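J.: Read off the chains here:
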Amino acid sequence: MIQDFFSRIENNLYVEILAGLGPIVISVFLFLSKEKKRQIDLSLLFSFVVLVYFYEFLAIYVLVDKQFNASVHQLIGDTDFKGWNLWVTNFFNFHLSKILLLIYLHQLIYSQTKKRIILVLIWTFVAVCTIVQVFGWYPLYDFQPPIYFLGNASLIFGCGLYFIDVISEEKHLEVDLIKNWNFWIVTLILFQSALSFLSDIAFDYLVFNDLDLYFFFNYISMVLYLLLFIFIGLYFFLEVRKSKNKLIQNAA
Amino acid sequence: MQPEANQFTFLLFSGAFLAVLMGTFVVAMVVLHRQRQIQNRERIEKLKTEYEKTLLNIENEIQQDTLSHVGRELHDNIGQLLSLAKLYLNSSKPEKQAEGKEYLNQIIQEVRGLSKTLNLDWVESVRLEEFIGQQLEKIKSTGHCETKLETIESFGSFPKDQKLVLIRVIQECLNNTLKHANPNLIEIKLIEEQGARKIQIIDDGKGFDTKQESKGSGMFNLKKRMETIGGKFSLSSEVGKGTFIELELPN
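Residue numbers (the UniProt record's numbering), protein chains in the order written: chain U, 1 to 252; chain H, 1 to 251.
Note that these hints are calculated values from the structure, not bench results. Take these hints with a grain of salt, some might be off.
Here are the simulated DSBU-like cross-link-like pairs (lysine-lysine), alpha carbons at most 35 Å apart as the crow flies [as the list claims (entries may be wrong)]:
1. H/K179 with H/K46
2. U/K115 with H/K232
3. H/K53 with U/K171
4. H/K179 with U/K114
5. H/K53 with H/K160
6. U/K179 with H/K46
7. H/K211 with H/K223
8. H/K179 with H/K223
9. U/K171 with H/K198
10. U/K114 with H/K116
11. H/K163 with H/K53
12. H/K116 with U/K246
13. H/K116 with H/K53
14. U/K242 with H/K48
15. H/K179 with U/K171
Note that the structure is predicted; figures quoted are calculated from it, not measured.
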């Protein structure tokens, strides 16, 4: 089983790179000062990295450990177990990570009205996810197009609100945008969400008519996720360096 | 082999297109942000200039008032005292001469008091509550109307510039009340509500219809002056029911 697990990782370049990047980003975060670790944007990004790292490996693991997968499947549905791992991606990627990113956007925005809009988006998303699950309209082990649509649309809208906030709020205008890591991270989130949105909406058409385009969306989406990881890692690294420089300056 | 090469070319071009799109977006955002930064800086500069202008105007107004007050004091008080002193000192009676010397001492005290009001250093030393109390006391002593001051201990202090604006706004409000409202009672309350410090000026005078457009610029100036120090000015009044003015102070 373990051999199968590792061979599946070796066959997947995206997970392979993620396996290398994840521990680096996580360990850089651990070098941050306590104060910085408590900084809400940094801790949310860290949670996001841990979550992605966790579910990508869990998704591979449940493919190998069929018994465990079947027992979870039994818990969430009463249909025949087909060996799919879609529930992992649905729950961790399309539900949890979207909520986490929306919370991240919420705390980056200064305008109270826009903050309230993001909160409405979060609660609506949580409510829709719960309702479609409870009523069994779109079970967790199957494809959930309305949730994919709502999750990505909320993120795209949230990113839009953040960019409006960036050019209208005085506190954002005080900082240099190019040196603002959050801006780069939100830009990547926007493009990744836009691509996911397109590929999820046009999934049926692309799979049967233009598989190349479908793969393109997926590949680029993966590249953007990896870039997101790199940017988050760099953000953590520069914060560690900043803290160290401050310590040296104080000591001098 | 051919389909794979096609797929690779497609991915390459699509990826490049997306990268260009993303780059354009980032550049547009940065340019827009820079423009807004410049606009914001210009706005702050303008506000700063306006603030300085307001302060200068207020200082001028206070100095004008002070000069008028000094002129009045010299003519009505010190001039009279000097005449009396001259009269008594010219007298041959020693007790009158002693009284004349007493007058001279009083004149010296009065001149010292006046000289202190000539510059604006008193603004720094006086507390806002004290100043309001003095103003109300002055109004009461003229017999125009009764006055009342209510204050809380924790009202706190203000920087000189803010205090200067507040002093002038309060003076202006009180002048307007005396000039137009003919009140029996003027009450000033210094309170704290939901973390905000407020000065309420209440009178039971004639009041006026706030919907009618004012001919002068007094109200507009008061509002603008409060805004320059980050405060708020609000007024409510009804004919026959007096006027309520609230100055919300910056934290």
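J.: Among the hints numbered above, which are violated by the structure, and what are their numbers in rising order?
T.: 4, 10, 12, 15
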